[in-house]
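Protein chains in written order, with the numbering used here: chain A, 228 to 400; chain B, 228 to 400.
Hints in this document: simulated from the structure, not taken from any laboratory. Among the clues, some could well be false.
It does not matter which identical chain is meant; a pair holds if it fits inside one copy or across any two.
[Claimed, not checked] In the PhoX-like style, the derived pairs of lysine-lysine whose C-alpha atoms are separated by at most 25 Å in a straight line are:
1. Lys308 with Lys363
2. Lys369 with Lys308
3. Lys296 with Lys260
4. Lys260 with Lys369
5. Lys296 with Lys308
6. Lys308 with Lys260
7. Lys363 with Lys260
8. Lys369 with Lys296
2 protein chains.
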Amino acid sequence: MARIAIDMDGVMADTTQQMIDWYTQRYGVEVDKATLYGLPEATGFPHDREVMRSFLFEPGFFRTKPVIKDSQEVIRALQDKHEVFIVSAAMEFPPSLGEKLEWLGEHFPFISWQNIVFCGSKSIVQADYMIDDHVKNLQPFKGQGLMFTAPHNVHVTDFRRVDTWQEVAGILL
Amino acid sequence: MARIAIDMDGVMADTTQQMIDWYTQRYGVEVDKATLYGLPEATGFPHDREVMRSFLFEPGFFRTKPVIKDSQEVIRALQDKHEVFIVSAAMEFPPSLGEKLEWLGEHFPFISWQNIVFCGSKSIVQADYMIDDHVKNLQPFKGQGLMFTAPHNVHVTDFRRVDTWQEVAGILL
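Same shape as in the complex, but just chain A (with noise of 0.2 Å):
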């Protein structure tokens, strides 16, 4: 049995894709994500990041990101071989950490709350594995880490790395 630490935006909830619907709402421009690839996240829009950025703090964003596909049934199935804890630096936004409760609420009711962490930085996280698409908080880990794949991320090439939930499935199942 291994503790593995899964983080939440990119990996469970999809950022890009809400990025790019609220986008699409508000500019009437949809923005193919090809066109997001290693640029940083919230970057590569047309209007400027601030515009992104205030995505961030309105209600409703974290609320309502789409579910990564398959992202449920391996988590649930991780649950009964290891110990598993949700671990989102959510403490920058904090409007985000009542939506990001319901959210997981609503489509992860199977994870306790005694196995949710929103923090800041992530280097007080103590794990085997961490599922993760952001370097700054792989980087710092002492596990083994693996980095999920999101636009902002493709280039980079110092972490092992899965492209889908099937893939988690494969090394830690």
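Once you've looked at the hints, dock chain B against the given chain A.
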């Protein structure tokens, strides 16, 4: 430099005093703190435990707790010498999340969001020291635990005990 994980309730925020104050206001009976020694937290009041637990779910309970003496000055000084994280088991009471963040912002504005952790189980926390009033948090901790004295833990002898923040300063500054 050490990493220090500091609990909120019973360590920074005076939960016992808040319960006594709210109980007095609601039932007109002021309970003597000494009569609570050695009893499980939130018990020992004339009305039964359910009444006390209801306080924990009422708006304002976590937002208005008194600050424990000297905690502000000592934690600020600890920050100059160590890496300080506030680690609160807030997930058990979801409505407390926002109130706890606001309480920290009011009384400890010098603590960055990067260094705040709201969790369920604290077993995932990696630090050199943990200052906490609960056995369940100190027991699985791999570093040096410091039990902060609270009425419910006065008979516990398994951990090094600190009665005041001045004692913490004596050990860690």
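Now for the hints, and whether the structure bears them out:
With identical chains, the CA atoms of Lys308 and Lys363 are at most 25 Å apart between copies only, with a shortest distance of 24 Å across copies and 28 Å within one. With identical chains, the CA atoms of Lys369 and Lys308 are at most 25 Å apart both within one copy (21 Å) and between copies (23 Å). In the homo-oligomer, the alpha carbons of Lys296 and Lys260 lie at most 25 Å apart inside one protomer (16 Å), although the nearest pairing across protomers, at 53 Å, exceeds that limit. Taking the closest pair of Cα atoms, Lys260 and Lys369 never come within 25 Å of each other, the shortest separation being 32 Å inside a single copy and 44 Å across copies.
Only within a single protomer do Lys296 and Lys308 lie at most 25 Å apart by alpha-carbon distance; the minimum there is 21 Å, versus 45 Å between protomers. In this homomeric assembly, Lys308 and Lys260 never come within 25 Å of each other (Cα to Cα): the closest approach is 34 Å inside a single copy and 45 Å across copies. In the homo-oligomer, the alpha carbons of Lys363 and Lys260 lie at most 25 Å apart inside one protomer (23 Å), although the nearest pairing across protomers, at 46 Å, exceeds that limit. Taking CA atoms no more than 25 Å apart as the test, Lys369 paired with Lys296 passes in neither setting, with 28 Å inside one copy and 36 Å between copies.
In summary, the structure is inconsistent with hints 4, 6 and 8 from the numbered list given earlier, while agreeing with the others.
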